[in-house]
Each structure stands twice: as C-alpha cells, then as structure tokens.
Amino acid sequence: MQHERGPWDLAGQNPAFGDLFNEGMVSDSSFIMKIVVEEFGGIFKGVTSLIDVAGGLGGAAQAIAKAFLHVKCSVLDLPHVAANAPASTDVKYIAGNMFESVPPANSVFLKWVLHDWSDDECVKILENCRRAIPPRHEGGMVIILDMVVFFF
Numbered sequence: 001m002q003h004e005r006g007p008w009d010l011a012g013q014n015p016a017f018g019d020l021f022n023e024g025m026v027s028d029s030s031f032i033m034k035i036v037v038e039e040f041g042g043i044f045k046g047v048t049s050l051i052d053v054a055g056g057l058g059g060a061a062q063a064i065a066k067a068f069l070h071v072k073c074s075v076l077d078l079p080h081v082a083a084n085a086p087a088s089t090d091v092k093y094i095a096g097n098m099f100e101s102v103p104p105a106n107s108v109f110l111k112w113v114l115h116d117w118s119d120d121e122c123v124k125i126l127e128n129c130r131r132a133i134p135p136r137h138e139g140g141m142v143i144i145l146d147m148v149v150f151f152f
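Note that full-length UniProt numbering numbers the sequence shown so that position 94 is 94, with each residue one more than the last.
No lab work stands behind these hints: they were computed from the structure. Quick caveat, the model's predicted, so the values are computed rather than measured. Incorrect hints may appear among the rest.
Calculated cross-link-like contacts (lysine to aspartate or glutamate; reagent style EDC-like; alpha-carbon spacing at most 16 Å) [what the hints assert, rightly or not]:
{"#": "1", "residue 1": "K66", "residue 2": "D90"}
{"#": "2", "residue 1": "K66", "residue 2": "E38"}
{"#": "3", "residue 1": "K72", "residue 2": "D90"}
{"#": "4", "residue 1": "K124", "residue 2": "D90"}
{"#": "5", "residue 1": "K45", "residue 2": "E121"}
FRET-style restraints, in silico, Cβ to Cβ [what the hints assert, rightly or not]:
{"#": "6", "residue 1": "G42", "residue 2": "H80", "range": "18 to 24 Å"}
{"#": "7", "residue 1": "G42", "residue 2": "Q13", "range": "22 to 28 Å"}
{"#": "8", "residue 1": "N14", "residue 2": "P103", "range": "24 to 30 Å"}
{"#": "9", "residue 1": "G41", "residue 2": "D116", "range": "37 to 43 Å"}
{"#": "10", "residue 1": "W117", "residue 2": "Q13", "range": "17 to 23 Å"}
By construction, the Cβ of each residue, glycine as well, lies at the ideal position given by its N, Cα and C atoms.
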C-alpha cells in the first residue's frame, strides 16, 4: 500500500496505476477462469444470472458468459472501474459498491475478493450478497473463488 491506501483507492486516484491494475486482473482472470470453466464448470449448472462482485473489467464474467451461454452475467464494481469497462461484450457493467448493496441475481460470484478485507468487512460483503440472491431451494448461490494462506 502507498500512504496507507489500498490498491482500489490508488486506482481511483491514479488512472495510470488503475489501468495497470485492471490489466493485471484481466490477465489473472484469463488464466484462472480457464481452469474454473474446464474443471469446475458444473457449478454453473442451473445458474441463469450472475453478478461478479468487484469483477473489474469483467474477465471472469466474460469467460463464464462465453462458456455458459445460458448465464446472463453482470459485473459490479466501483464507478471509476465500470466507466472504463469494455463496451463490446455480452456482460453488463454496474457501477456500485459491494459494501452498500449487490444487484439481484440468482448467483453471486466473488473471485479474489474476501482475502483483502477484515472479518467484519467480509461479513458485510456476504450479507449484501445473500440479500441479492433467492433462497437456496430456489437456486440462490454464492460462489467464492479465493485463496487461503496458512500461518504457523
């Protein structure tokens, strides 16, 4: 972090850094989502609509939309990110804040999100995700792709 600001704050204040950060996330999504789609694609069975929370420029959502044509994908991210989203995709971009609300869908996707936040912040994010989806028996699902680090 630079001067106690996280990369998201810095990306909003420094467009050059924001572009570099978003390009890195798209590259990561291309690699990871190829594995997710090929090895774990069954998780998307029954999914009809999906919100990629903090999904940046939509690399993950685009991979899901391309592999699973029946899934209507949207990306929720901060306004300065959504403003730079590619226009020529099947993915809808929504400017917003995951700490305030998550738009409704039958599933919510969180890739590399929760590990960046405190326990209390994660609870807030997950509460907003839960409010965005229908009950489990109606197909509601939160899909989390994140890393776990063990400290000894």
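Each hint, compared with the structure:
1. K66 to D90: The given pair, whose Cα atoms are some 8 Å apart, holds under the 16 Å limit.
2. K66 to E38: 12 Å, holds
3. K72 to D90: 8 Å, holds
4. K124 to D90: Roughly 29 Å between the alpha carbons, so the hint for K124 and D90 is violated.
5. K45 to E121: At roughly 29 Å apart (the allowed maximum being 16 Å), E121 and K45 break the hint.
6. G42 to H80: 18 to 24 Å: 35 Å, violated
7. G42 to Q13: 22 to 28 Å: 41 Å, violated
8. N14 to P103: 24 to 30 Å: 28 Å, holds
9. G41 to D116: 37 to 43 Å: 26 Å, violated
10. W117 to Q13: 17 to 23 Å: 20 Å, holds
Of the hints listed earlier, those the structure fails to meet are numbers 4, 5, 6, 7, 9, in rising order.
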